[in-house]
Amino acid sequence: MSDSAILVEDLHKAYGEVEALKGVDFDVPAGTVFGLLGPNGAGKTTIVRILSTILRPDKGKAVVMGYDVIRDAGEVRYNIGLAGQYAAVDPNLTGRENLSLIGRLAQMPRKMVGPRADELLERFGLTEAASRPLRTYSGGMRRRLDVAAALVQKPPVLLMDEPTTGLDIQSRSELWEVTRELVAEGSTVLLTTQYLEEADQLADRIAVVDRGMVVANDTATALKARLGSTTIELGMENEDVGIRAERIISDLFSDHTERDGNTVRLTSGQGPLVLIEVLRSLEGEGLSPVSLSVREPTLDEVFLLLTGEHCHVSDLVHGEVICDGE
Amino acid sequence: MENSPTISAGDLSSRPSRMVALAKDTMAIAHRNLIDLVRVPQLLVFTLIQPIIFVIIFRYVFGGAIYSPPGVPYVNYLMPGIFVQTVVFGSITTGVSMATDLKSGLIERFLSLPMTRTAVIAGRTLSDIARMVLVVTLIVIVGFAVGFRVQTNAIAFFAGLLLVLLFAYALLWVFVFVGLAVRDPESAQAASFPVIAPLVFASSALVPVSTMPSWLQGFATYQPVSAVASAVRALCIGGPTLSYVLQALAWCAGVLLVFVPLSMWRYRHAV
Numbered sequence: 000m001s002d003s004a005i006l007v008e009d010l011h012k013a014y015g016e017v018e019a020l021k022g023v024d025f026d027v028p029a030g031t032v033f034g035l036l037g038p039n040g041a042g043k044t045t046i047v048r049i050l051s052t053i054l055r056p057d058k059g060k061a062v063v064m065g066y067d068v069i070r071d072a073g074e075v076r077y078n079i080g081l082a083g084q085y086a087a088v089d090p091n092l093t094g095r096e097n098l099s100l101i102g103r104l105a106q107m108p109r110k111m112v113g114p115r116a117d118e119l120l121e122r123f124g125l126t127e128a129a130s131r132p133l134r135t136y137s138g139g140m141r142r143r144l145d146v147a148a149a150l151v152q153k154p155p156v157l158l159m160d161e162p163t164t165g166l167d168i169q170s171r172s173e174l175w176e177v178t179r180e181l182v183a184e185g186s187t188v189l190l191t192t193q194y195l196e197e198a199d200q201l202a203d204r205i206a207v208v209d210r211g212m213v214v215a216n217d218t219a220t221a222l223k224a225r226l227g228s229t230t231i232e233l234g235m236e237n238e239d240v241g242i243r244a245e246r247i248i249s250d251l252f253s254d255h256t257e258r259d260g261n262t263v264r265l266t267s268g269q270g271p272l273v274l275i276e277v278l279r280s281l282e283g284e285g286l287s288p289v290s291l292s293v294r295e296p297t298l299d300e301v302f303l304l305l306t307g308e309h310c311h312v313s314d315l316v317h318g319e320v321i322c323d324g325e
Numbered sequence: 000m001e002n003s004p005t006i007s008a009g010d011l012s013s014r015p016s017r018m019v020a021l022a023k024d025t026m027a028i029a030h031r032n033l034i035d036l037v038r039v040p041q042l043l044v045f046t047l048i049q050p051i052i053f054v055i056i057f058r059y060v061f062g063g064a065i066y067s068p069p070g071v072p073y074v075n076y077l078m079p080g081i082f083v084q085t086v087v088f089g090s091i092t093t094g095v096s097m098a099t100d101l102k103s104g105l106i107e108r109f110l111s112l113p114m115t116r117t118a119v120i121a122g123r124t125l126s127d128i129a130r131m132v133l134v135v136t137l138i139v140i141v142g143f144a145v146g147f148r149v150q151t152n153a154i155a156f157f158a159g160l161l162l163v164l165l166f167a168y169a170l171l172w173v174f175v176f177v178g179l180a181v182r183d184p185e186s187a188q189a190a191s192f193p194v195i196a197p198l199v200f201a202s203s204a205l206v207p208v209s210t211m212p213s214w215l216q217g218f219a220t221y222q223p224v225s226a227v228a229s230a231v232r233a234l235c236i237g238g239p240t241l242s243y244v245l246q247a248l249a250w251c252a253g254v255l256l257v258f259v260p261l262s263m264w265r266y267r268h269a270v
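Chain order of the listed sequences is A and B.
Those letters in the first sequence? Residues 0 to 325, by numbering that gives the first Met the number 0.
Those letters in the second sequence? Residues 0 to 270, by numbering that gives the first Met the number 0.
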C-alpha cells in the first residue's frame, strides 16, 4: 500500500453518447483534503460515484485505501463514507433512526450502533432533534445529519459531493469546521464543489475539472501563483512623484509597470514578496507612497483562465461558477 | 499507512457471513420501510379507502342489479374479488416507494455501504408483503361487517387468503420493476393505473364475465386478476375449485419468473 488514500488513473466513463470522464488522473495523499472544483456537468459527481463503487468505470483504474473499486468493491465500501449532493437520508425517520439504519447496514455490531449514533448526534449538535423525523429539520441540520451518516462506520476516507450546495453561510462554515476537525483526526477527504472559496478554504490540493478532464491539479497557492498574479498599487503624492516612482520601479521590474496619473501599478508573478524590494528602492530615493494596496489573484480568475470562456463567475455571495451552454 | 486509532475500516472480526448479512440487511431495510409506513399513514389509508368505496358502491348501489350465480348472495361473490383488487391497487405503493428511494439518492447511499445489495429489494418486498397482510386483514373485517360469509370452511378460506397474498407478492415484484424503471414517484403512480385498470375492471373480480361483450370475455376470463379472483371465490363459496387454483398459481409463478430477474437486472443498472 502506498501513501495514497485515493489513486485515480486514466478514468473514463460514458453515459451512452455522452463522455462524462475522458481520462482523469489524480492522487490524494492520506490525511489530506482534496478538492474537485468545477461547474455542473464537469464530471465531479461521476468521479465520486465511481470511487464509492456505485458506478463502474469504462476504463482506467481507481483505488481507495489500496483496494480497487472494481475488484475489491466490498473492501472499498468498508473504507468510505459518502455524503451526497442530495442529502440522501430518509425524511420520515428520526435523526437517530437514520444513523442507526446506516450503522446496521455498515455491518456494525448491533450494540455499538446506538452509542455511535448518539455520539455523532452530539457532535453535530443534533441531540435535541434526535427523536424528530428529518422532515422537521432545517436545511443545515439535514446536511449535518447527512455528513454524520457518512461517518457512522468511522471510514478512513470521506467522499463529500457538493456538501454545502444550497446551504446558508452559517451552516456552510459549520460544515467547513467539521471537515477540518475530521482531517485533524486523520481522515482523508475528497470533496467536490462549485464554490471556489470552499476549495480555497479547505483543500490542500485542488483539481480543476472541466468537461470530464482535470485541467489543473495543484495547491491553491501554487495555482494562484502559476496563473494569477499579485497586483500592487502605489498612490504617490502627485504626478511628478509618480513619474519618478515609475522609473525606479521599472528599473527593477521592467515589464510589468504602468502608471495612471499619480498611481503606479505593478503586476508580479512572484507574489507580494516584491513589495519589500519596491518599498526599499523608493525609500532609497527619498520617496514613500501615500496609499498602498495589494490584491491577490482569486481562484475565480484562475478558473476562468483554465477553463476558457464558457464559464463566468456570478457576483453572488458564494462566487458560484455558472456555465452557459456551449 | 498511518491512521489515528479512532479511524479504522470495519473490524474484520465483526463482519457477518454472507447469508447472515443478507438476513440482517433485509430486516434492517424492511424495518425502515415499516417505520415510513407508520410515519406516513396516508399511504395506508389511501390503499384502504379505494376498496372500501368499491365495497359500498357494489354491495349497496349496484349489487341489486348484478346477477350472481344461484345460491350465492352477491356480497359473497363480490368480496373475494375485492380482496384481490385491494392487493392490486396496494401494490402501486411499492413502485412509488421504490422510485422515491431511487430519486432521493437513498439507494445510492445504500449502494456505497458494505451491505448485501439484494437486501434493498428483499427488504422492500418483505415490508410490503407485511403491509399487504395488514390491508387484507382490514378488508376481510370490512367484508364480514357488510354481510360476507364463507360458504365452504375455514381452511379453504385461509387458503384463499394465502393465495391473495401470494398474488400480492408476485405483483410487488412487477411494481419494484416499474419503480426502478421510471425512477420518479409521480410517474410510477401514473404509469401504474393504465396497466391496472383493465386488469381490475375487465375481470371477474366485481361482476361475472358472462355479462360482458363476447370480444372482451376471452381476455376477462383468463387474465391474472380474474384467475386469482375466481380461485379465491371458489375457495370461499365452493363449486369447481382445482382448475381455478392451478391457473392462479400458474399466473403467480409466471409473474415471479419474469419480474424477479427483470427487477434485479433493472436494480443493478438503476444508478
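Be a bit skeptical, because a hint or two may be false.
[What the hints assert, rightly or not] Derived CB-CB ranges, DEER-like:
| id | chain 1 | residue 1 | chain 2 | residue 2 | range |
| --- | --- | --- | --- | --- | --- |
| 1 | A | 185 | B | 192 | 37 to 45 Å |
| 2 | A | 69 | B | 133 | 40 to 48 Å |
| 3 | A | 58 | B | 40 | 13 to 21 Å |
| 4 | A | 15 | B | 37 | 36 to 44 Å |
| 5 | A | 118 | B | 37 | 21 to 29 Å |
[As the list claims (entries may be wrong)] Computed cross-link-like contacts, DSBU-like style, restricted to lysine-lysine with a CA-CA straight-line distance of at most 30 Å:
| id | chain 1 | residue 1 | chain 2 | residue 2 |
| --- | --- | --- | --- | --- |
| 6 | A | 58 | B | 23 |
| 7 | A | 21 | A | 60 |
| 8 | A | 223 | A | 21 |
| 9 | A | 153 | B | 23 |
| 10 | A | 110 | B | 23 |
| 11 | A | 60 | A | 153 |
| 12 | A | 21 | A | 58 |
| 13 | A | 21 | B | 102 |
| 14 | B | 102 | A | 153 |
| 15 | B | 102 | A | 60 |
| 16 | B | 102 | B | 23 |
| 17 | A | 153 | A | 110 |
I should point out that these hints are in silico values taken from the structure, not numbers from a laboratory.
We put the CB at the ideal spot given by N, CA and C, even for glycine.
Here is how each hint holds up against the structure:
no.: 1; hint: A/185 x B/192: 37 to 45 Å; in the structure: violated, 54 Å
no.: 2; hint: A/69 x B/133: 40 to 48 Å; in the structure: holds, 42 Å
no.: 3; hint: A/58 x B/40: 13 to 21 Å; in the structure: violated, 49 Å
no.: 4; hint: A/15 x B/37: 36 to 44 Å; in the structure: holds, 41 Å
no.: 5; hint: A/118 x B/37: 21 to 29 Å; in the structure: holds, 27 Å
no.: 6; hint: A/58 x B/23; in the structure: violated, 35 Å
no.: 7; hint: A/21 x A/60; in the structure: holds, 13 Å
no.: 8; hint: A/223 x A/21; in the structure: holds, 25 Å
no.: 9; hint: A/153 x B/23; in the structure: holds, 20 Å
no.: 10; hint: A/110 x B/23; in the structure: holds, 14 Å
no.: 11; hint: A/60 x A/153; in the structure: holds, 25 Å
no.: 12; hint: A/21 x A/58; in the structure: holds, 10 Å
no.: 13; hint: A/21 x B/102; in the structure: holds, 26 Å
no.: 14; hint: B/102 x A/153; in the structure: holds, 26 Å
no.: 15; hint: B/102 x A/60; in the structure: holds, 28 Å
no.: 16; hint: B/102 x B/23; in the structure: holds, 25 Å
no.: 17; hint: A/153 x A/110; in the structure: holds, 16 Å
When the structure is compared with the earlier hints, violations turn up for hints 1, 3, 6 and for no others.
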